[in-house]
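Respectively, the protein sequence lines represent chains Z and A. First residue of the first sequence: 19, per my numbering; consecutive thereafter. First residue of the second sequence: 7, per my numbering; consecutive thereafter.
Source of the hints: derived by calculation from the structure; they are not laboratory data. Certain hints may be false.
Some but not every residue of chain A turned toward chain Z, in silico, with C-beta under 8 Å [unchecked claim]:
1) Pro80
2) Ala166
3) Ala508
4) Arg512
Note that CB positions come from ideal geometry on N, CA and C, so glycine has one too.
Next come the chains, spelled out residue by residue.
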Amino acid sequence: MNQDMRWSRRTFLQGVGCTSAASALSKVVRSNDLLPSRTDETPPAGFAYVGSTDDVSASGIHVFKICGDYWSRKQSIPSRSPISLVLHPNQQYLYAANEIDEHERLPCGTVEAYKIADNGDLTLMNRQPLSLSGTRPRHIAISPDGKYLVVAIHGGGAYNLLPIAHDGSVGRVAQILKEVGAGSYPGYQKSAHPHTVTFDITGQHVLATDEGCDRLSVFTFQNGQMMRALQIHSQPASGLGHIALHPSSNFLYVSNTVDGSIDCYRWLVNRREVKYERRVATNLKSTPGEADRFIISEAGRSLYVVSGHESILVWEINPETGELSLRQQWSVKNSSLQILTTSPDKRRLLVADSRQHALLSIPIHAESGELGVARAVAKIGMARSLIVKYI
Amino acid sequence: MAITVDRQDPRYPTLKRSRNLRWPASEADFCNRIELCESTSDVAEVLQRIVNAGLRPTVRSGGHCYEDFVVNNPGGAILDLSLLQEPRSEEAGYRISAGKQLGDVYLDLFKRYGVTIPAGDCYAVGAGGHISGGGYGYLSRLHGLTVDWLSAVDILTIDANGKVVQRRVDKQHEPDLFRACRGAGGGNFGIITAFHFDKLPQAPNEVVHAGLSFDWGTMTEERFVSILRAYGSYWETRGKDPDTFGLFCILDISHASTKRLGLSLQFCNPDGTCKDLSVVNEFLSLFSSCNPSPGAPAPAGERAIAHASITGEACAGQYPMSRRLWLDATIGGGGGEGSGRAKYKSAYMKSNFSVEEAKCMYKHMTRDVPGIDLKGFVLAIDSYGGAINRSQLAEETSSWQRASVMKLQFQSYWQNPEDDAGRLTWLKDFYSDLYSGSTVDPHYASTPYPGEHYEGCYINYPDSDMLAYQFWPQLYYGDQGLYPFLQSVKRRYDPNNIFHHAMSVRL
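Same shape as in the complex, but just chain A (with noise of 0.2 Å):
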């Protein structure tokens, strides 16, 4: 039976929460109750109530949504599914419940089979959200996003007289619905409880974490520009040849004000060894005429390679790096326990940066803003590609960029309310500027429409800024149909719209 949490129990106050305290945005919003669920039973029978009662259900795995579409719930209920715990089941494959955070999951497929997702690195992610809008993270080029790999979802959704139904939805059974719910993003089709693989990639044993730094303190326009070029050069070339696919960085781009801004990168051979580091000193040395400090700086954000900046196992080579095993590198750094203020941009490139928007970022890194605290933004910019880029899953999957070489997410944080406009703005200031160059389609000005540059944006990197254009839903999920597709199940799957926020698929 599951444990209701209302406005009179004393874990309201902690439970109502979202971990960005931004949301929501004033007290009325707040849901009036938290219901946690420890079996799918309880999660349908909790779900029917709320939809008998006229209420609005929205769901939360881990917490981490960036926009409000989870916590924005005024008078309604929460599902929260942190505690669902199903009995181990004699079917074949792997079955990972959505409330897991990240870093159990990778801890219990790895101990008991010595396999793992191709996920993310925050440990408190959780499963629901992160692998419902793609699933992607560091072994990502090495093996593509989770839901590449997904077999079928076990998801409740509400039929057109009100009633929950359960289903389970494989390429066979209600394929449709299947390939929506790997990759169009949470909240919009029902509540997915599980996701089952009937196979997984084995775990690397070891990786190696290595990272250089660049002080802003002598930093040149030419030399930024520099940087980033060499930095795309090589995920737009080098970077699709199968054996650097196990090789994944982090640019973090942070304002002047750091001191510092640099990369960070975790590698392993396709065999998930470290036998052959080639690679990443071939990697490293592109950089060498930039006046690079060996290490990573500390990482301002969330998404940085938390021990590329220190010494683990010292690997004998051109450059400093750590070898540890690859649980350890991936449990150990820990991630998104955090909450704080903050706010999100995305954005998926095709190609290598041009002069021009190296320039701008130049322009706006070095630029202080009167009053605005810029050291909490940094820009870290993702290698993407490898077997990612498989391009026939653009049609099994709604994960549909499938062309991008480097994905890149604006990250700003901060703690005041007092900070929350300027900081907005400026990050929004930036965001324009950058995607409204000389080359793009002023129709599509300041946003990295699909193209031949640009490959929209991540819908787990949400950005309700983005609903200023009325083009948002192809921001998403492209111009190629798949958005009609995503419409036409949620019109047969979710008739009545009962999961619904600020970006959900319309009717």
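Okay, chain Z solo, but in the shape it has when bound (with noise of 0.2 Å):
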């Protein structure tokens, strides 16, 4: 389906204020902001690919044509509820984890796989099941070599690693671990929850986050099989949640969804070693399960964070201590920021904000990392999850 966004930018960006502040959060600046004039002839730059999870029927992902700060919708293709997206390292392909409880009668989410054309659009290849009782998967990462995908799986307790052919499809779950756990968070850490996985830069570990008993996992991964290496165990209640790995490599930042707060570890890789060094309170708790991301500037001087439902955080990383301080703090009024992830180009940050059913587009200084103006390039849905594929 195309839809061409012309039709109301200037309207919801009458909805989208801006405060940016490092000492004076109270500034608001409104963008006032007209985006330049585009015709859908113009050669892309990128396509951006946004999961939403409206409702049923609404529920898919959705490839926008990007030029500059002018998206244009191209296609939208069912999907049920991903919850995670993944492009292949050589481009051509896109993955999907499906935060559902059943497939086919039987109590498992999904994962897909798709073919992108030169053209943007996407063509679904094949679906796999994840492991029974694998339900509500969260989150999908794939390794460095492009031939594995790893599934944390929140509703069901578990990791699935699934391999992926030569012509892109993914093959049926190859390996299965099963976590136990509980935490003190009453209600909510009852049995393990997995939250995120990542690959580290050697393609040799995996790093996962259990939300249910706040435990920050390392995995060794060679020949195709994932193994226990380490176990550490966060403060209780805390409901461990997003990774961003530094990238030196010497850092890694996990969210937590409980208390709102972000821990920082030291990654040794090489002695295969984490080490907590500190954690940084937000006082802007989150609810339990919600999606909520942080991510770190190319560079590596910048951690910005999704947190509550109308601010992202600037952090200053110190390279040589992974030690943090609040450099901006950016809202939006009237906002539920859902999703957050950098253009290829680093340059911007891409934000969901699902009360205005909006995707913003937030420049980045390129020095000192704080964010500007925000533009709405989109509209659309409850977006769960946002990939970018720049030509």
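From the two separate chains plus the hints, produce the assembled complex.
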């Protein structure tokens, strides 16, 4: 389905107010910018893939053509609750984890493989069920060599490893790692709930968080097999969520969904050791299970955190110690910021505002890392995942 | 110490299998190893190791699970309890190890104590699955289900932090888990290693077997309907009288291509003797107008009374019967040793067949389907009720069907994988048609949803086709709150859902 975004850009920009502050958090900057005029004939700079879960009928992956800050929807393809998207390293395939409870009558979620055409359009190649009881997968990661997918299965309390074939299709589950554990947060931490998985830059380790039992795990990854190597227990009732690896590979940060804090760990890859360093309190609690993400700038100087509903915190990273110091609190009133990623050129943050049904593009200051004025680039319902392929 | 059989072990190809050769559906679904446990401590140690390694455990006693709940375990481990041998206990009462075959259980209980469980008929079926799903058989109308007699269970569960916990549960200690172990089915909450009974019924001294058969060649729809209606009417009326509780009967409805259909029965008086056979004569005389032949036809499946078609020690009387010692009758038939490809379905009935239902059966039994040999199909219609139908036991146990008078088991057997699709489709269509009659609520069409006429399905005859219906838990556990109760037990005793299969209780 093609949908020209020029229709309402002005309309919904009116709902976007931005506050930007380091020392003066109340300063409000309203954007009156209008986007440069583009046409559909303009060669795209890339394509954005947005997974949305409005409701069953509208749940799907939406393809947008990107020309600067002008996005136009060019395809919507049905997909059940695509909670997490990942691109193959060769940029020719897209994979989605479907956060569902049942597939073909069995209690499990699924993973989908899509082929990306030159014009950015998606074609479903295949869909694989996760392991039995592997319900509600939360996050998906791809090995740097593009041969395997790892899925963190929140509902089923497990990790699944799936091979990727030469044609990009995803094979059946090759390894199941069932997790156990519990935490002290009432009602929510009664069992293990893997949240996020990511490969380190060597591709030989998988780092994973467990929201249900406050655990950070390190798995070795060799010959297509994951083996438990380390388990680090965080403070009780933290609710470990997203992971961000510092480009130096010396640090990693974990967001805690229960108390809104951020933990910094030193990652000693050669010694296969993780050392807890410090915690930063944000006082911006999020609801357990709610999507929030954070990301580190390419240069490794800034950490961007979506926290609460209306704010993005910009933390400056000490490259020696990993210490964080707050540089900016960037806010959008009456918003519900759900996801965040960077554009491949690292010059923008891309954020979904589920309250205003908008995707926001926020410029990143090249020197300071601070965020500028947001521009609404697309209209979308309940966006849950977002990934961009630049040409 | 447990014996580990991995993929390199020459025993692996034999031990990885299910008796139902349809399972697992693909080579990749086989487990990585089988752990043969000889003691409860073996089971605990192995289970802890499996959980620590992040693998999935499934549990096997006799290997008769109709679906793939045990052997579909890709990369996981099967804990095989068939070698479980515990030293005899000085405790009062009776103890049955979960891995024992039912035939051995009958022998052991009879020779040591002169008692029995009111259980099944297949020698090789394992106690673990049989009892945890309810445990019913030829003596159930006389003595109830095996779980009705159960006093305590030894079970290993996994706590929230992944530690194995050994428990003995009974009405005083963790009564909710105990109730869940009394009929909810295997593979849900933990690994049961032993069943304890304070009391068990006295085994009968003797039983008689008898049967009748009917010729398909001369069968008419009218006569077929008469046979079914006469059969169902008996269990709905006279079969509720206590003097008939020792009568157990199976009406085997086979396809017309088998030439004959018929019924087989086992009987003893409530005192365990066969001194008064008037109940049997009265029952068999119901069919005299249906042109029967004496003796049951050869059983097509595993669920038929094996001796009802042969002459034993003849009993003088109106109908040919054979009298046998109960132990010989129970052990001698064997059963349950075979393997092949199979599909099963089930239904409980609270009242007699309608004419419409009987005609539906006749239609499917007389219809040839090109390319499908239906000789291997049988619909076994078992008598039910009697001592089972003590309604208060629905609350004490998880076997909730306490108002039915018949229990139907649809069975289809074949050998060639190429026949799978045709067989499965035919059976599915037949079942769906039978339970979509004019009186069926359209919302529950194609299923025997619990109501005035039906009482759902039997969890020990699981049928994954039922997963197509959102209300499948209600088919197996009713709609009076049992399933939510079982879910609460699941959340408490298996919060990480270590024990799961396609139809396990879901969190």
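We went through each hint and held it up to the structure:
{"no.": "1", "hint": "Pro80", "result": "holds, 7 Å"}
{"no.": "2", "hint": "Ala166", "result": "holds, 4 Å"}
{"no.": "3", "hint": "Ala508", "result": "holds, 6 Å"}
{"no.": "4", "hint": "Arg512", "result": "holds, 6 Å"}
Violation of the numbered hints given earlier is absent; every hint is satisfied by the structure.
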